[in-house]
Each structure stands twice: as structure tokens, then as C-alpha cells.
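Undergrad: Here is how the chains run, residue by residue.
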Amino acid sequence: AQKITQTQPGMFVQEKEAVTLDCTYDTSDPSYGLFWYKQPSSGEMIFLIYQGSYDQQNATEGRYSLNFQKARKSANLVISASQLGDSAMYFCAMRETGTYKYIFGTGTRLKVLA
Amino acid sequence: DAGVTQSPTHLIKTRGQQVTLRCSPISGHKSVSWYQQVLGQGPQFIFQYYEKEERGRGNFPDRFSARQFPNYSSELNVNALLLGDSALYLCASSIRGVNTEAFFGQGTRLTVV
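Chains as they are written, first to last, in my numbering: chain A, 1 to 114; chain B, 115 to 227.
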């Protein structure tokens, strides 16, 4: 069965520093997509970055990059130059190609310190 | 462009009552999915609709039902509410049913007392 594991319930980072949020996944399907979403206290899930299982290069979107290690089944999110507005819950999610369902992890609460 | 909009934003219901949550997808998006997020957990998949047909259902009891209208908006209905139904209900829309990223609304916070 597909599963997403986020082992860091909470993380602190100093403003302007980089931080890595961990995500491991489990699937037997060779074709899948991995996503990171940010959820502020308002509740909305904000799409950050996507990595396809066949993508050769790690995905990047502005200050966000995804460290994709397929053999280890990990898809860690790296946030560079953290800002106070980055304080939120971060969810890793997986979707198998051809399906419509996202599987989410339990999330990591990030707090950026001034 | 308007994002995914959900109504109401907050709702308080009594055990045993019924509730209807509404979702309007991004213009041009034909797929709507519903997720339940209990406090402290990640969202759990409830339903997906594409072109007004149910395309997937999660592990939820028959008290949960949904439908999609010709304008692609959607309603989620929950009957015979239980305390455990208290959660944030998220709606997500995407252009197609599969292989595209989903965009989420701000959610409806349902409290059952």
C-alpha cells in the first residue's frame, strides 16, 4: 500500500537559514508523482513543488527545491533563505500516475525564528 | 482569477444532524476532490468527481455522499453527524481527473457538538 512518512513533527529554523523537511514514501508502482504543500493557520493547502518519478533532475521552484533520491524513496523539501512567512505546516504527498487520490503524510510544523 | 472557493468557512452542528458543504472549482477545472483533515493529521481522501461522475471513493461510511453539478461545482453531504466528523473539509480542483496538480480551497471547519 502507498504510504508517506514525515518523521519530524516540528522544526525550528533561524530566519535567512536553509532548512530540510524529510519525507519518505512507499509504493510498488514505478510511475508516481510527489508533491509538497504548505498549510498556513488559515487552512488552505498551497501547492509548492512537484517531482515526477521519471524526472532526471530535482525539481526547483524559487526558494523551494526537492531533493529526490529514488533508490532511498525519499523526497525531502529544502527551503533556502527562510522567511518569517514560511512558518506553517508542510505536507508531503504522493499520487500514483493514472489515479486521482493524493496520499498525505502527517506533516511537519515549521517555525521560523527572527 | 478566483481560486477554489468553499462555503461556509465555519460550521457548528449537533450530533445526528445533516450538513452540506459546497465547493466551486477554479474556472476551467473539471475535477473536484474532497478531503477530510482531522486535527493533527494529514488530509484523507473522501471522493473525487470528474465530469460529474464519481471516479473514486475513500474509506468513509455511506453517511458521506457527494455530487458534482453541470457547472462543475460540488457538494459534500454528511448525514447522522458524529463527534468524530469534526474536521477541516478541504475541496481540491484540477484540470483533469488525473496527473495534474490539485489546488485546494481554504476549507470548511466543521465542529460537531
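These are calculated hints, taken from the structure and not from any lab test.
Accuracy of the hints is not assured; some may be wrong.
[To be verified] Straight-line distance between alpha carbons at most 25 angstroms, and here's what the computed SDA-like set of lysine to any residue pairs gives:
id : chain 1 : residue 1 : chain 2 : residue 2
1  : A       : K70       : A       : S41
2  : A       : K3        : B       : T128
3  : A       : K70       : A       : L84
4  : A       : K3        : B       : G172
5  : A       : K111      : B       : F217
6  : B       : K144      : A       : S87
7  : A       : K16       : A       : S41
8  : A       : K70       : A       : K16
9  : A       : K111      : B       : Q220
10 : A       : K16       : A       : L84
11 : A       : K3        : B       : K127
12 : A       : K3        : B       : G198
13 : A       : K16       : A       : G52
14 : A       : K16       : A       : A81
15 : B       : K144      : A       : E96
16 : B       : K166      : A       : G98
17 : A       : K111      : A       : Q6
18 : A       : K111      : B       : Q155
19 : A       : K70       : A       : K111
20 : B       : K166      : B       : P184
21 : B       : K127      : A       : G43
22 : A       : K73       : B       : Q158
23 : A       : K73       : B       : T214
24 : B       : K144      : B       : R210
25 : A       : K111      : B       : L153
26 : A       : K16       : A       : K73
27 : B       : K127      : B       : Q155
28 : A       : K3        : B       : T214
Undergrad: Determine for every hint whether it applies to the structure shown.
TA: Going through the hints against the structure:
no.	hint	in the structure
1	A/K70 with A/S41	32 angstroms, violated
2	A/K3 with B/T128	34 angstroms, violated
3	A/K70 with A/L84	31 angstroms, violated
4	A/K3 with B/G172	15 angstroms, holds
5	A/K111 with B/F217	24 angstroms, holds
6	B/K144 with A/S87	32 angstroms, violated
7	A/K16 with A/S41	22 angstroms, holds
8	A/K70 with A/K16	29 angstroms, violated
9	A/K111 with B/Q220	21 angstroms, holds
10	A/K16 with A/L84	9 angstroms, holds
11	A/K3 with B/K127	33 angstroms, violated
12	A/K3 with B/G198	23 angstroms, holds
13	A/K16 with A/G52	29 angstroms, violated
14	A/K16 with A/A81	4 angstroms, holds
15	B/K144 with A/E96	19 angstroms, holds
16	B/K166 with A/G98	18 angstroms, holds
17	A/K111 with A/Q6	16 angstroms, holds
18	A/K111 with B/Q155	18 angstroms, holds
19	A/K70 with A/K111	28 angstroms, violated
20	B/K166 with B/P184	7 angstroms, holds
21	B/K127 with A/G43	20 angstroms, holds
22	A/K73 with B/Q158	22 angstroms, holds
23	A/K73 with B/T214	21 angstroms, holds
24	B/K144 with B/R210	6 angstroms, holds
25	A/K111 with B/L153	18 angstroms, holds
26	A/K16 with A/K73	29 angstroms, violated
27	B/K127 with B/Q155	22 angstroms, holds
28	A/K3 with B/T214	20 angstroms, holds
Hints 1, 2, 3, 6, 8, 11, 13, 19 and 26 from the earlier list are contradicted by this structure; the remaining hints agree with it.
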